[in-house]
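Visitor: Chains as they are written, first to last, in this note's numbering: chain A, 47 to 345; chain B, 95 to 459; chain C, 95 to 459; chain D, 1195 to 1586; chain E, -12 to 277.
None of the hints are false.
Straight line, CA to CA, 30 Å or less: simulated DSSO-like cross-link-like pairs of lysine-lysine: (1) C/K248 / C/K220; (2) B/K208 / C/K420; (3) A/K241 / B/K298; (4) B/K115 / A/K241; (5) D/K1211 / D/K1482.
Okay, the calculated bits of chain D under chain A, using three or more residues with CB under 8 Å as the criterion: (6) 1222 to 1231; (7) 1238 to 1247; (8) 1251 to 1262.
Source of the hints: derived by calculation from the structure; they are not laboratory data.
Think of the CB as a built atom: it goes at the ideal place given N, C-alpha and C, for glycine as much as any other residue.
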Amino acid sequence: MTDFSMTPAHSRQQTRWGKIALRWLLYLILGVFAVYYLMPLFVMVTTSLKSLEEIRTGNLVALPRDVTLDAWKTAWSGACTGIQCDGVRPYFWNSVLIAVPAVAISTLLGALNGYVVAHWRFRGANVIFALMLFGCFIPFQVVLLPMARLLGLMGIAGTIPGLIFVHVIYGLGFTTLFFRNYYVTIPAELTKAAKVDGAGFLRIFWSIFLPLSLPIIVVTVIWQFTQIWNDFLFGVSFSQAGTQPITVALNNIVNSTTGVKEYNVDMAAAIIAALPTLLVYVVAGKYFIRGLTAGSVKG
Amino acid sequence: MAPILDIKNLTKNYGSVEILKDINVAIDQGDFLVLVGPSGCGKSTLLNCIAGLEPISGGSLHIGGQDMTDVSPKDRDIAMVFQSYALYPTMSVAKNITFGMKVRGVDAATQASKLATVAKQLQIEKLLDRRPGQLSGGQRQRVAMGRALVRDPKLFLFDEPLSNLDAKLRVEMRTEIKELHQRLGASMVYVTHDQIEAMTLATKIVVMKGGVIQQVGTPSEIYNRPANLFVADFMGNPAMNLIPAKARSDAAGTRIEIARRDSAPIVLTDSQNRNLPEDVVLGVRPEDIAEPGARAAANAQEADCLVDIVEPAGADTYVVMQLGGKHVTARLHAETDATPGKAQRLAFDLGKVSYFAPDTGQRLN
Amino acid sequence: MAPILDIKNLTKNYGSVEILKDINVAIDQGDFLVLVGPSGCGKSTLLNCIAGLEPISGGSLHIGGQDMTDVSPKDRDIAMVFQSYALYPTMSVAKNITFGMKVRGVDAATQASKLATVAKQLQIEKLLDRRPGQLSGGQRQRVAMGRALVRDPKLFLFDEPLSNLDAKLRVEMRTEIKELHQRLGASMVYVTHDQIEAMTLATKIVVMKGGVIQQVGTPSEIYNRPANLFVADFMGNPAMNLIPAKARSDAAGTRIEIARRDSAPIVLTDSQNRNLPEDVVLGVRPEDIAEPGARAAANAQEADCLVDIVEPAGADTYVVMQLGGKHVTARLHAETDATPGKAQRLAFDLGKVSYFAPDTGQRLN
Amino acid sequence: EPKAEVLHWWTSGGEAKSVAVLQKEFADNGGTWTDMPVAGGGGDAAMTALRARVLSGNAPTAVQLKGPAIQEWYEEGVLADISSVAEAEGWADVLPASIAAHMKCEGSWCAAPVNVHRVDWIWANADVLEANGIEMPTTWEDFNAAADKLQAAGIIPLAHGGQAWQDATVFEAVALGILGPDGFRKAFVDLDEATLTSPEMVAVFDQMRKMRGYVDPNFPGRDWNLATAMVMNGEAAFQIMGDWAKGEFLAAGKAPGEDFLCASVPGEGFLYNVDSFAMFDVDGDDNKAGQELLAKLIVGPSFQKVFNLNKGSIPARTDVALDEFDSCAELSAADMQASSDGGSLLPSYAHGMALRGAQSGAITDVVTQHFNSDMSSEEAVKQLAAAVANSL
Amino acid sequence: MSKWIEDHLPKVVLAPSFIAVLVFVYGFLIWTAWVSLTRSRLLPKYDIEGVIQYKRLFAAPRWDVAMNNLFLFGALFIVISMVLGLLLAILLDQNIRTEGAIRTIYLYPMALSMIVTGTAWKWILNPGLGIEAMVRSWGFENFRFDWLVNPDMAIYTIVLAAIWQSSGFVMALFLAGLRSVDTEIIRAAQVDGIPTWRVYSAIIIPSMAPIFLSAFIVLAHLAIKSFDLVIALTGGGPGFATDLPATYMYAMAFSRGDIGQAASSAMIMMGVVFTIVVPYLYSELRAKND
Ligand SMILES: Nc1ncnc2c1ncn2[C@@H]1O[C@H](COP(=O)(O)OP(=O)(O)OP(=O)(O)O)[C@@H](O)[C@H]1O
Ligand SMILES: Nc1ncnc2c1ncn2[C@@H]1O[C@H](COP(=O)(O)OP(=O)(O)OP(=O)(O)O)[C@@H](O)[C@H]1O
Ligand SMILES: [Mg+2]
Ligand SMILES: [Mg+2]
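Only chain A is shown next, with the shape it has when bound in the complex (with noise of 0.2 Å):
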């Protein structure tokens, strides 16, 4: 850690108040740019508090007058997504039932690509795996149409395993990018090791590549995470009634066109649809940096 603080210099008295003067800058600095990250928390949070009536006719950034929580009932399980007034609840399974194989699977099949990128050389695996880099970087909505017709005639249109599958494919570039940059660090004499004990390929990335890779399963786990479950395009292009995910369900709450606006449950609506991804940030964020310096830094 690069700690300045604590060079001693020449006056103790005039170094102390420097010193103290500093880190109030210091932390002043900070203080505000964390209003800045927090302000649209802040907006969203008060709104949802606040009665219809308050919104309508006050300041719309301000303290909530008076404390409801009313929207927060109402978007859970009684705003209108269509004909059905359930909230957001039922949505927020579909997405769950997206979310958690998806992220698994290409987790997965990203530490196994990366596991082979890293200590499986073989001829052409370079350009394997740029092409697969590359496949990071294509806009989304270039490949829903083609998308579409695929799944189709796939069998898997509109259904749950087809968005899974669909997010599996455009999160592969990702993962494989993240373990092979773990992966390399990890030295080849581990895996030489283990061929003379007589562990097979399979067998050396099961037991003892995968229970290393912890701290980069953290970093995908999030970065796979948060991408999916705030998925909003395949959502709506590939799913159909029953299977939409909760950004859907959101997105036809907050953005109804010629209807009555309610922006309190607008506002409780995007807290709830964020939350398990702001629960993973504030929980494992600290792995996250950790996973970061561990690996896919490296450059």
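Given chain A, put chains B, C, D and E with the ligands in place with the hints provided.
Guide: Just chains B, C, D and E with the ligands now, with coordinates in the frame of chain A:
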């Protein structure tokens, strides 16, 4: 009996680069072969070829009489110990040792009994439940040995197993490995670039440079009769003094003239070696330049030399002078009164000197 | 003249853990102080305290007669060389060396001339345009030295500067540092855990353990008269043999009895040391157990010992036996005919032995 | 058993209630309704989903579609024919001819109309007008005079949200007023180049420039309902918006004629925005049965009444009794009848009734660009012609 | 046979992913290229008509605006995110007691989608509702912050929100980088008398070049894909002042039924991606071969 390991005309390329060139080595059951050489000379590559971890590009490789050229590592009946130990970081010590057996489907009872034996042998019984991360360097080293020992293989391969340990531990572990070798009578191939390790452990040493074998021999052959300047310089610490000198051979022997900085050249007479060319490089080990009378040397000749640096090293004191335009080190007693800037009388033991051709670097005597 | 570095009652805590305890050391202009001790004993911490990189928790620290206790590193007139070299990775060698001057506003001409001098001194003229990444370990080491030298400071600090080099290079660089020290007459503090380095470089050695100074002295004091078992064991390679023995003192001297494995104890008579307690630990260096007649030792006494292991190390051969229940190492000539399993007649040089109390570990004679 | 999966973008509270009426009727007739709502961007997101569904061979049974898009989809060959229902129910007799035309593809019926939104409404805060002595304007001159007066009094004359479709809504209202019904039809239905570049079109843009001066500076990006709220709370006087704005007033407890006023924008004519459902080609008898049942129910009088009461619009069929409707709706229905007879019942271009998406989009691009910059009216007209040409 | 499987297992494992990428990325790119040469409208058609769609594209003023916006937005977004991320990382690296909490606050926007936060941002930036109104209500009557409604400035609000969303992640990358710098180098610099800011500017930051590269790539790809952000915040307005290629493409494909046009704009976008990513990939792979 067939040699336990027999390498014939082995070559190894990475792409178009030839890393190993026409390697021929054979060792017998119970031999302790040490591969030494500077970093990057291909020692690890050769060891990996023996283990089957790298395919070879040419030549053949037999282990225990069987052609193993294309056999996969796990079927070669070898065990290997790595420089970084390569312990499986997420497994306990016990699991590290038994992993290979588990993979091979050895039953649990056998696993346990073999584990117990090996753990006892290496005195790591108390560590069996720990993770590698919780072990000191020496302990890790022992576990890595345990993982190899438990296999009871035809051939042990070691890739610089001690180089990550500190000096003290290195000496201890060295002794342990030597003891182990004597007790098991196993065949071992051992890579190091520490030549003391090579000397103390080996029954046979291979010195390599740039993928080419420079010399194969017993430790004393290598130490006392290095085949060329490279081997002479590489083996021994402090290194052999390699002094440019003029030789004048006649029937009685050879007069060797060595330039001195501030005075007339030293002239030594070698009665054993004749027929040397005029320009030679004289190779003398530091311990063969000593106080007069320190050792009963058959062929000792004395001269005064101006001392530049005195390095007391506890057991001995090294003094450095300049002869023939080079730093020359002599090993004196710890109690010597040599002082920098003063002349010191030294005896050169010509019984054990080497001569090399300055151009080719090949040994002349 | 005031000592160039004077440390009085220095203590250092991290939180509630006391890392350094009541350290007192002083060195004079031109001294070469080496701090040795096992890993984690606080050597680096002490050096960092001297450099001002860590604040001290108690005591005082004077450099060149001035109180530097609270002065920032850049104003202490010191230079420091690190284990990892700590070269600025994105700057060329020349910039690495001159960057400090540039920051201090030294004019370009002076920078250039100082750079030239230092580069010549260290023979790195040809490397000046390279990046650290393009240098070998030894070259990096030289650049790091250059960065220190160019400062021309009152005091040089070195934190294990050679430990990342391989054995051969380590010996060479060691000699260079020694030469540099002699030429500059500079004052240096040097951390290592390699005791050969400590012995050869130091004019004064501090042996530390667990944040406490064990002994301060010249290399020969430390080597020949270790203050306690820890120092005895730590300094010297192979380590001093520490053999439990029974002493029986009378007016003529002391009879020392050492148990042997298969036969009657060896009995040696020490005429110099008297008044020893009955239980002692006898400390004998390997080189003080040798072939009879190998050295003109004043007080040599002979005995037959059963040899367990023979380790030829080129210049010498070590043999290991069991005495007093311990492995005991003797250093014999390279040409010895000692064989494992056979008895070997050895001479013990009692003129240089140490005695320690088994309980406190303190030196008795 | 009839089954239908219905893709629509009626997701807000009032709209959802309206659709629920249909769903209930559908269920009462033994059908199973699967709801597939996709809101956002005036149906953009729904259209994204629709395209993906169609391409994957998994089209929904019924889709909320309107205007020429119906014919476009028909041309792609993915729509089903519901003529049998239409003929059995006599749709031709109860629907105004121009609206019926939208529901037909090459002569056969392919969609069912739900409602008629009038787009060219001007809404006003009654108290504000009264306080400033202003009548509902009947010409653009009146409007400008009233706006100037209000502006002087510190009231925002026109509440507006700066989103492309809102800009277009105001634009077509102005255009209808200035070009007249025939001019409007030539310009925005026939894309007649002479009309598009005529001096009258320049005058339309001049009036738009004036309108720009009547909105507050913070209008860009504002949702239409926030603009409505400005009228409601007296911050602004007028808003030009379709009749869905009425829902906002009513939801806030305001009464038509008392708290707020509704009138058609100055000028003759009626711009309609008809929501309709198109039936897609699907497999399975149950789905086909669902389509027929759905089509029948949608155009049936009971649904048309209940739905439009909720939605704020008026029934598409002309034979529904309007007693329960409010005064604005009654006015709308009367005007529709009158304009249908007078040939001035016109499709709204801003709401995708008049043109294909690419064409209306090209026009909107110019309109919104003009409104949000200081482009001259002549330049705007030039660009309009170029954009229309580039979109064909 | 089993030996064959053993030897080729790595390839077998990689194969499904590889095939998937070939089909679902490269196959689709080719498909798009094809469609961009047709007159596809509502649904794709496959009769090649030549480069007419590209001609239309370059004739559309809106596309010009979108491309200009992409470069302006991209440059600002990438540069400011990096500078801010680096600054915050350096500040956070000073032994801050509440580091964990602050880090989470800076990082959380990454977890939210813009569908969610767009409305909040819209209010905050709206002069009548948000910051401007708030500051004015404190008595600073002349305070102006009306970027959102100013066609010339609106693109900067997109930059602002995009930075809000991504700079925390960049900060995390840089923080990780700072933590991996050898402490001995910093100590050496201290002894050398180098002031803190020079230590950062001359030594630490230059040595983090690989991290700058990674950050650049991540940010560039976000910039090119930016879509939700614009839709949620400005919807491309005022006018189409904040259109980006991604929103242009979406509008063409899905609200205007002009798929051929959308495909041609997508191809141009891919061209931009290509020129940025290929040099990066090249350097990635070369470094690996060392
Ligand atoms: N996979 C590879 N591709 C290309 N060249 C390689 C590869 N592995 C090793 N080399 C090269 O082969 C040579 C020999 O390497 P090797 O690791 O065998 O050396 P070594 O003698 O073990 O060195 P050290 O003592 O440093 O371990 C080196 O020059 C190295 O650069
Ligand atoms: N920042 C710190 N906080 C707490 N404890 C520390 C810190 N730095 C060092 N220590 C502890 O202080 C003790 C002395 O560390 P120091 O680095 O001085 O040892 P050393 O003698 O230099 O060891 P080595 O030979 O391994 O370099 C160690 O036990 C270490 O764990
Ligand atoms: Mg090697
Ligand atoms: Mg240290």
